[in-house]
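K.L.:
Go by the hints and put chain B onto chain A.
Protein chains in written order, with the working numbering: chain A, 1 to 227; chain B, 1001 to 1258.
Hints were generated in silico from the structure; no laboratory data involved.
Beta carbons are placed, not taken as given, at the ideal position from N, Cα and C, and that holds for glycine.
A couple of the hints might just be wrong.
To be verified - Which bits of chain B does chain A cover? Going by a derived footprint, with three or more residues having C-beta under 8 Å, they are:
1) 1131-1145
2) 1148-1158
3) 1242-1256
Unchecked claim - What follows is a list of derived Cβ distance ranges for each label pair:
4) A:Pro59 - B:Val1066: 27 to 37 Å
5) B:Ile1250 - A:Asn97: 46 to 56 Å
6) B:Phe1058 - A:Pro42: 55 to 65 Å
7) B:Ser1251 - A:Ser98: 11 to 21 Å
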Amino acid sequence: MESRDDYILKVLNLSVALQNQRILDNISFKLKKATTLAIIGPNGAGKSVLFRALLNLVPYSGKIEWSDKVKIGYVPQLLSVRDIPISVKEFLSFKGNSNVEGSLSSVGLDSKSILNKSLGVLSGGQLRRVLIAWAIIDEPNVLLFDEPTTGVDLDSEEAIYGMLRRFTKENEITLLLISHDVHIITEYSDNMLALNKCVIFFGESKEIMNPSLQRIIYGEAVCVERT
Amino acid sequence: MAEALIFSLVIGICVGLSAGYLGSIMVLEKMALVGDALSHVALPGLALGILFNFNPFFGAFAFLFVSAVAIWHLERVTKLAFETIIGATFTLALAIGILMVPEPDLLEALFGDITKVGLLDAIIAVFISIIVIFLIKIIYKKVVLGLISEELAISHGVNVARTNLLYLLLVSLTVAIGIKITGTLLVGFLVVTPAAAAKTISSTLFRYFTLSSIFGAICSFSGVLLSSYLNLPPGPLVVLSGITIFLITISIKLVSKF
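Extracted from the complex, chain A is given alone in its bound form:
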């Protein structure tokens, strides 16, 4: 029997309109604690806007209910670090937490060699790991990652997802991530939410292997009935 506390997030009839355009329409889903939800959908489907709504960064209608004592770590997709002379240590210390070295080692980075490097000279993989370190430095219980491996080569991508999976399981962290990669979704997430302004599919991630479902997700939008 499910108790109320099993769920860390409940979204009910969520709609978002920006500049008079409907971006998300009547989105409803529930998420259990310490699970990983992959959010997928074509470009412009509203995936990043869903994250922004979950973070209360955009106005919305409907209900977003986080469980009590939720602490969210967030990494957006787009960052401008190339033109800013800022070291890894300075960036991570913005959060006012002293555990800079601990958070770097949690994401597989050697703090001695990287602490004083400028963010702008890091490789794509290193930068993404530093951003994950930023998100976990104050020990959140929910992580939101908007395409966490943007600008990263395939090997590093696998390593980052593997690291994320281990870290979230060990620390019972609920993870929401946006990804386009079918392999990543099946390997590293428990459930998936397919969006195209509305909910196309919400269920177990292994269902993505179903070709007819793939056609639905990346083809013409067919919204599922709200439950």
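P.N.:
Relative to the frame of chain A, chain B by itself:
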């Protein structure tokens, strides 16, 4: 004259430090021309001070303050870049200011004059510089985080709109005290060039804003000193000092690449 020089040097150091510190944000924000353009808005305020015989600093600051708030509001309403809004409006202020300032005082207003600097000007400059530096220190991390990602900053609890307003007000204050030394036409230089020079040779934020502040102080101090010895307007000499520092840092950068 000796007193005026000492007061001018004090103002120069204060303005240079705060303009260099503030400028380090402006250059990162790619708002280098904002300080320059905004400084022209001060001219009608200066003119009122000259015409009605009160300290022109207050007139300049009042105009800059109102303009900063108006620009901030317009940016929120129109979503146009600060630079675009300021670029579209500053020439009007410059034109009105030039028409208003009595001709004998025009050169002083445009390029600065250290001979008329008094104790009150120096006290105002020291006091305001301390406030400006203190407030920049508070908002610095917030602004930089907003530059890296506005969403990241907001999700971290930063009120980006309020931070931007405070930041524009600090630009206004710095420009208002800098006008005495460099004049309205050249004060924008003080918030751009020291920061550009510092950025060329910095890989950390601390080094960047520290160097920017020091370079700002050096170029305004040396500009004022040269102005006294050469009997020339200080503004252009501050610019020449700053450009020299800028060229030196570029040379260091080029040499370090080989």
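K.L.:
Next step is simple, just say for each hint if it's right about the structure.
P.N.:
Status of the hints after comparison with the structure:
1. Requiring three or more residues with a Cβ within less than 8 Å of a Cβ of chain A, the coverage given for the region 1131-1145 of chain B holds, as 3 such residues are present.
2. For the region 1148-1158 of chain B, the stated coverage by chain A is satisfied: 7 residues place a CB nearer than 8 Å to a CB of that chain, which reaches the threshold of 3.
3. Check on the region 1242-1256 of chain B: 0 of its residues sit with their Cβ under 8 Å from a Cβ of chain A, so the three-residue criterion for coverage is violated.
4. In this structure the hint that Pro59 (chain A) and Val1066 (chain B) lie 27 to 37 Å apart at CB holds, the actual value being about 30 Å.
5. One distance hint, 46 to 56 Å for the beta-carbon pair Ile1250 (chain B) and Asn97 (chain A), is violated here, with the actual separation near 38 Å.
6. Against the hinted window of 55 to 65 Å, the Cβ-Cβ separation of Phe1058 (chain B) and Pro42 (chain A) comes to about 58 Å, which satisfies the hint.
7. For the pair Ser1251 (chain B) and Ser98 (chain A), the supplied restraint of 11 to 21 Å is violated, since their beta-carbon distance comes to about 39 Å.
Of the numbered hints listed earlier, those contradicted by the structure are 3, 5, 7.
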